[in-house]
Amino acid sequence: MKISKYPSAVPAVPWGSRENFRCICTLASRYPFLRTAVAGRSAMGRALMSLSFGAGERAGIFTAAHHANEWITAPALLRHVEALAARCAAGEAPARSLYARTRLVFLPLVNPDGADLVNGTLAEGPQLDRAREIAAAYPAVPFPSGWKANIAGTDLNLQYPAGWEEAKRIKFAQGWTGPAPRDFVGPAPLRARESRALCRLTERLRPRAALALHTQGEVIYWQYRGYAPPGAQALAAGMAAASGYALDTVPDESANAGYKDWVIDALDAPAFTMECGLGESPLPLAQLEAISAAVEGACAALEAYIATA
Numbered sequence: 049m050k051i052s053k054y055p056s057a058v059p060a061v062p063w064g065s066r067e068n069f070r071c072i073c074t075l076a077s078r079y080p081f082l083r084t085a086v087a088g089r090s091a092m093g094r095a096l097m098s099l100s101f102g103a104g105e106r107a108g109i110f111t112a113a114h115h116a117n118e119w120i121t122a123p124a125l126l127r128h129v130e131a132l133a134a135r136c137a138a139g140e141a142p143a144r145s146l147y148a149r150t151r152l153v154f155l156p157l158v159n160p161d162g163a164d165l166v167n168g169t170l171a172e173g174p175q176l177d178r179a180r181e182i183a184a185a186y187p188a189v190p191f192p193s194g195w196k197a198n199i200a201g202t203d204l205n206l207q208y209p210a211g212w213e214e215a216k217r218i219k220f221a222q223g224w225t226g227p228a229p230r231d232f233v234g235p236a237p238l239r240a241r242e243s244r245a246l247c248r249l250t251e252r253l254r255p256r257a258a259l260a261l262h263t264q265g266e267v268i269y270w271q272y273r274g275y276a277p278p279g280a281q282a283l284a285a286g287m288a289a290a291s292g293y294a295l296d297t298v299p300d301e302s303a304n305a306g307y308k309d310w311v312i313d314a315l316d317a318p319a320f321t322m323e324c325g326l327g328e329s330p331l332p333l334a335q336l337e338a339i340s341a342a343v344e345g346a347c348a349a350l351e352a353y354i355a356t357a
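Here this note's numbering runs 48 ahead of the position in the sequence shown, where the first position is 1.
These are computed hints drawn from the structure, not numbers from a lab. Among the clues, some could well be false.
Claimed, not checked - Computed spacing ranges between beta-carbons, pair by pair:
{"#": "1", "residue 1": "Gly168", "residue 2": "Glu140", "range": "36 to 46 Å"}
{"#": "2", "residue 1": "Ser145", "residue 2": "Ala236", "range": "15 to 25 Å"}
{"#": "3", "residue 1": "Gly274", "residue 2": "Arg239", "range": "20 to 30 Å"}
{"#": "4", "residue 1": "Ala314", "residue 2": "Arg178", "range": "30 to 40 Å"}
Keep in mind that this is a model prediction, so the values were computed, not measured. No residue lacks a Cβ here, since even glycine has one placed at the ideal position from N, Cα and C.
All chains, please: the whole structure from these sequences, using the hints.
Have a look at this one:
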């Protein structure tokens, strides 16, 4: 592969809304064929920024950092976008062919407010005060490092209509009955602005496949309630081989109301949750290189499928 003339636009730093904005703007400036858009707004009104690659009809969507303390998945995904754009700009045939055949949309930071909270860059104000108040009711969850939810205390990956009532039953039984640092399903599906925006974007795109990056476990989930669309199992196996991760079944307590679940259930399209890295979230930056390599492999396998499906 030809080496880009540019230094990386994706620094190995704690990731939040500011870093995400700067990185996306830099990549769009360096590679004008990348298109930026705003998919929606966060609870605090921050733009949910996306980058699109490709001029074809076969759509795919790649997302990361649904959970605040899983922010390391955002720079990992953007490193893939950077490498893909660099290969295309260098004239490499596979990247050019992918560009012509697909439209790939990357939404790297689904939860910008929460990421800023975890990384200590959220400004003092009523939102931070409210987060502290919510966290105080859950002293067993370290603050802010244990925070997964959006800034309003809703878990964005428990907001989708697929099995939401069952997710509510399970999480309420565990004590997550109101705004919390994690695992609160919200008052109803798609009430959180971030999840609603991603849902609408996905419905517009009608993707042939979708990916959600999370941490941790080095596993890939590919079914919803034991079902997967035709071809999904073989595709999952290819992603596992390319990433070095294992295929697994989602634990019962987490098997409903997620983004992957909804894409499979509502659109009958292959969708995957990739649990990146090992350890306790937030994972250390020392794992970014290994996570990025795994993400690169999985994304490449998924993109090859999208281009031919």
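Tested hints:
At about 40 Å, the CB distance of Gly168 to Glu140 agrees with the hint of 36 to 46 Å. At about 43 Å, the beta-carbon gap between Ser145 and Ala236 misses the expected band of 15 to 25 Å. Take Gly274 and Arg239: their Cβ atoms lie about 28 Å apart, and the range 20 to 30 Å holds. In this structure the hint that Ala314 and Arg178 lie 30 to 40 Å apart at CB holds, the actual value being about 32 Å.
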